[in-house]
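> All chains should be modelled from the sequences, with the hints used to inform the complete structure.
This is what each chain is made of:
There are 2 protein chains.
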Amino acid sequence: MPTKRKGKQTVKIDSPISIISTASIVGPKEGQGPLGIYYDMVIEDEMWGEKSWEKAESKLMKETLSKIINKSGKALDEINYILAGDLLNQCTASNFALREAGISFFGLYGACSTMAESASLGAMLINGGFADNVVCITSSHFCSAEKQFRFPLELGSQRPPTAQWTVIGSGGVMLSNQGIGPYITYVTTGKIVDLGVKDSNNMGAAMAPAAADTIVTHFKDSGLSPSDYDLIITGDLGSFGKELCEELVSKQGYDIKSNYADCGMMVYDSQKQDTHSGGSGCGCSAVTLAGYLYQEMKKGKYNNILFVGTGALLSSTSAQQGESIPGIAHAISIQNKFE
Amino acid sequence: MPTKRKGKQTVKIDSPISIISTASIVGPKEGQGPLGIYYDMVIEDEMWGEKSWEKAESKLMKETLSKIINKSGKALDEINYILAGDLLNQCTASNFALREAGISFFGLYGACSTMAESASLGAMLINGGFADNVVCITSSHFCSAEKQFRFPLELGSQRPPTAQWTVIGSGGVMLSNQGIGPYITYVTTGKIVDLGVKDSNNMGAAMAPAAADTIVTHFKDSGLSPSDYDLIITGDLGSFGKELCEELVSKQGYDIKSNYADCGMMVYDSQKQDTHSGGSGCGCSAVTLAGYLYQEMKKGKYNNILFVGTGALLSSTSAQQGESIPGIAHAISIQNKFE
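For the record, the sequence lines run as chains Z and L. Take the first sequence: its letters are residues -2 to 336, numbered as in our numbering. Take the second sequence: its letters are residues -2 to 336, numbered as in our numbering.
Don't read these hints as lab results, they were simulated from the structure. In this text, all values refer to a predicted model and were calculated from it rather than measured experimentally. For each residue, glycine too, the CB sits at the ideal point set by N, CA and C. No false leads were mixed into what you were given.
Restraint-style ranges between C-beta atoms, simulated for each label pair:
1) Z:Thr0 / L:Glu41: 40 to 50 Å
2) L:Lys9 / Z:Gln268: 50 to 60 Å
3) Z:Gln268 / L:Glu41: 53 to 63 Å
4) Z:Lys68 / L:Asp42: 53 to 63 Å
5) L:Pro158 / Z:Lys68: 42 to 52 Å
6) L:Glu41 / Z:Lys254: 53 to 63 Å
7) L:Gly193 / Z:Glu151: 26 to 36 Å
8) Z:Asp225 / L:Glu293: 45 to 55 Å
9) L:Glu41 / Z:Lys68: 50 to 60 Å
10) L:Lys248 / Z:Gln270: 50 to 60 Å
11) Z:Gly297 / L:Gly70: 49 to 59 Å
12) L:Gly250 / Z:Ser12: 34 to 44 Å
13) Z:Met44 / L:Gly297: 55 to 65 Å
14) Z:Glu293 / L:Leu192: 38 to 48 Å
Written as structure tokens, this is what we have:
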């Protein structure tokens, strides 16, 4: 067994791989949310001067990429790979955002787990000696996602309490073999989990079993326990999904109640902003990582985070064909100290 | 610079990473094609007992995965990762095919470059010490692809000469740090190239510039030349795209005419099978690699192949919004001798 492997689904990143820069650009609603001060930029409306929501989403990622690179101080030719994906059919938000970058590109599809997926692969590419600097980035857009996955926005469909609100935003990080942390130290890669949930207005419930599975597997594989983390944070389970995840993890003998949060529940004030169960979309965990989490780690509020991206692997076609919703979750440990 | 890097976009895989097993299952038309004898299985009709084309495509991949694993002699728990993707919206062919596998999963979207993309990342994950065995797999299905990207099949739309025919098939490989070759020795990861082609009935032209860019970059980065390969083979440029690629590579000073082929032109007899410019789809290069190329390398007909997966990164939404078609190409060197 290669020495970097720990247990069934986890690897130890055994050289210091730093997050050297992050950036996030969000929509107006996100800017007004509780984490508003942490974003690099808030756009004034969801079109941002473009002719379609899809083009606006691409622009979000393109400009976020530009900020990540500028803040890193790295030249374009020092960046070896971009790893990116999004929710749009054929990941066109990413494809069009990155077409002028001139950097080797690996396209990913992990639904809302994409931020964690890209950072997992990015850290391994650097730790494996294949790269010095890698950008990991993703995006989502409420309007392009609603249009594609649910109903025309113009219908004004009523939303059940379990529904979540897709974040308008792009967030990403640059990983590097230079830098002073925070470091990505463990990568636990999820397997697909499908317990038969079919309600696409209750994605939290569909993703929670995958999240719980990855969290428990991470502890078993690494030998770490919940108390080794200041914060265990899932991507976008929302209030219903978070409760379910907590319960499923607890059934396996791990108590995470005291230090467990969910990006989907932090990104909006769901009471005031009418977002029901919380935020969702690839952008949800990405802007929270790039904004709030990164900055609070830098300040020392958090020193050890288990960041768990969560994705619902359905399409509107699979839903129409009566299929259940497979979920997946990828976890990375982010620590201020490399040991 | 990490020592594994060679030039701008290439890495040298510096430990012997073998392809230890491959499998391919194809549709009836593919089974009747010139490479028919190389596939593991030919299904009788495009539904394969399922209720939808999408479900049939998932079944193709699920059964292909099963064959790859059986032929490898590896136990399920020896496989550390599956890397997969496909053309369906949100990559549902892969998500549903792999949901019962219980193996860490990285979802990819590289359009028809997915076979090369997955093998690139798979080889790096093993070479980097993160895995012993990795499965890289993809699929496509003429009916699900036509329905999603073009017109309802029932319309019987006329196809221009530049149109290609999406392969019904799934193909994949298992990579391992044990085994006796063929070995993946170089990985050249493409950047997105978009020269403004907008005709989604001429994907070959859209992808050819990316293919040429990656091929030329591979030679520059690695110091190898066209004569170091028995065969340079692109994924699915078809006859129009292949000609264009050859010309673009030649303009950069590399003559590949004598040893250059395209999977899209080999998978069908386009005269007899009325497939116009040739085959396409993620399955096209995947079943050709898993079938013909792998078996002919094993027999020694080929010893050094440059396998170049080619993808057109559009969606029907981006096409409707007047966007051009970004292309990408990923190359891997496959060699019988590890040096």
